[in-house]
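Protein chains: 2
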Amino acid sequence: MVEKKAFQDYYSEQMSYCYGCGRLNEVGMKIKSYWNEDENTSIARFTPKSYYIAFPGYVYGGLMASLIDCHGTGTAAAAVYKSEGRKMGTKPELRYVTASIQVDYLRPTPIDQELELIGKVKEIKGKKVIVEVNLYAKGQLCVKGEVLAVKIPENMISIS
Amino acid sequence: MVEKKAFQDYYSEQMSYCYGCGRLNEVGMKIKSYWNEDENTSIARFTPKSYYIAFPGYVYGGLMASLIDCHGTGTAAAAVYKSEGRKMGTKPELRYVTASIQVDYLRPTPIDQELELIGKVKEIKGKKVIVEVNLYAKGQLCVKGEVLAVKIPENMISIS
Numbered sequence: 011m012v013e014k015k016a017f018q019d020y021y022s023e024q025m026s027y028c029y030g031c032g033r034l035n036e037v038g039m040k041i042k043s044y045w046n047e048d049e050n051t052s053i054a055r056f057t058p059k060s061y062y063i064a065f066p067g068y069v070y071g072g073l074m075a076s077l078i079d080c081h082g083t084g085t086a087a088a089a090v091y092k093s094e095g096r097k098m099g100t101k102p103e104l105r106y107v108t109a110s111i112q113v114d115y116l117r118p119t120p121i122d123q124e125l126e127l128i129g130k131v132k133e134i135k136g137k138k139v140i141v142e143v144n145l146y147a148k149g150q151l152c153v154k155g156e157v158l159a160v161k162i163p164e165n166m167i168s169i170s
Numbered sequence: 011m012v013e014k015k016a017f018q019d020y021y022s023e024q025m026s027y028c029y030g031c032g033r034l035n036e037v038g039m040k041i042k043s044y045w046n047e048d049e050n051t052s053i054a055r056f057t058p059k060s061y062y063i064a065f066p067g068y069v070y071g072g073l074m075a076s077l078i079d080c081h082g083t084g085t086a087a088a089a090v091y092k093s094e095g096r097k098m099g100t101k102p103e104l105r106y107v108t109a110s111i112q113v114d115y116l117r118p119t120p121i122d123q124e125l126e127l128i129g130k131v132k133e134i135k136g137k138k139v140i141v142e143v144n145l146y147a148k149g150q151l152c153v154k155g156e157v158l159a160v161k162i163p164e165n166m167i168s169i170s
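Order-wise, the sequence lines are chains A and B. Following the numbering used here, the residues of the first sequence are numbered contiguously, the last one being 170. Following the numbering used here, the residues of the second sequence are numbered contiguously, the last one being 170.
Isolated chain A, as found in the complex:
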């Protein structure tokens, strides 16, 4: 069963103003990520506003990079909590930022519908997590992304 509380709902207040996924960013996209039933992959669903187009009928690439980015860092944090046998949201807070992102646009992505992002952790190594994120529209793979996420130093979480 998909959890009702999203990964991002566990972020501390200070870490919840991200335009992409922060629950406290009033105008942001509030992306929500969850484990899939298998707990091996993560899922986020998002329906873009009609003006988020590259050209009429198709989703803007920058938006999809943004979705992949936030779903990737959220999945990284959740995966490390899990790998350490810890509950989401427990202290010290685990939060990740994107060190690099690679996005391959395989085909134009139709707009005016829900997009589905599936995340899969490829590697956890020290402070780095590599997450692969595939984006689907109408069940068709449209975009492939890979996020190299890096743990935010604890002092940056509290002072930034």
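No lab work stands behind these hints: they were computed from the structure. Mixed in with the good hints there might be a few duds.
Where chains are identical, the list cannot tell them apart; a pair therefore holds if satisfied intra-copy or between any two copies.
[Unchecked claim] As a list, the in silico DSBU-like pairs of lysine-lysine whose alpha-carbon atoms are at most 35 Å apart:
(1) LYS59 / LYS14
(2) LYS92 / LYS154
(3) LYS40 / LYS161
(4) LYS130 / LYS154
(5) LYS59 / LYS148
(6) LYS154 / LYS101
(7) LYS42 / LYS97
(8) LYS161 / LYS132
We have chain A; now place chain B onto it with these hints.
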């Protein structure tokens, strides 16, 4: 001297609804790209709205990927017009979409100021153009991007 008319101002109406750079997208970011004085590099300047943050004080990575994307495809089109000895905006229209993008976030990018993007064409090969885009804040290199842009088939420009 920097041209007054941006690359994106030459796009046909049909190609001008992009959320990132379309002059006709009413809520979009309307990124504007120009050749630098040397005509060897391109430049775009953009001041993010205050809510485009990853966390307080710092620009959201997805926004910067978007800026790099549109500045990259705009630079690709302008570079091919130039390499073919054609004036911008002449028919058949040359327009490029992003096939893939790689973005490396070198350091947190401070918000509440103008960002500067510098594009440089690395390669033009058939329908593909590779553009390197560096993003600076306060003169400091914060983000490095690379865009693989691909020419849009002419029939897609007119029918899409």
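Here is how each hint holds up against the structure:
1. Taking the shortest Cα distances, LYS59 and LYS14 sit within 35 Å of each other both inside one copy (24 Å) and across copies (32 Å).
2. In this assembly of identical chains, the alpha carbons of LYS92 and LYS154 lie at most 35 Å apart whether taken from the same copy (24 Å) or from different copies (32 Å).
3. In this assembly of identical chains, LYS40 and LYS161 lie within 35 Å of each other by CA distance both inside one copy and across copies; the values are 21 Å within and 33 Å between.
4. Within a single copy, LYS130 and LYS154 get their C-alpha atoms as close as 12 Å, and across copies as close as 25 Å, so both meet the 35 Å cut-off.
5. Both within a single protomer and between protomers do LYS59 and LYS148 lie at most 35 Å apart by alpha-carbon distance, with minima of 17 Å and 33 Å respectively.
6. Taking the shortest alpha-carbon separations for LYS154 and LYS101, both the intra-copy value of 33 Å and the inter-copy value of 33 Å come in at or below 35 Å.
7. Taking CA atoms no more than 35 Å apart as the test, LYS42 paired with LYS97 passes inside one copy only; the shortest distance there is 18 Å, against 46 Å between copies.
8. Within a single copy, LYS161 and LYS132 get their C-alpha atoms as close as 16 Å, and across copies as close as 32 Å, so both meet the 35 Å cut-off.
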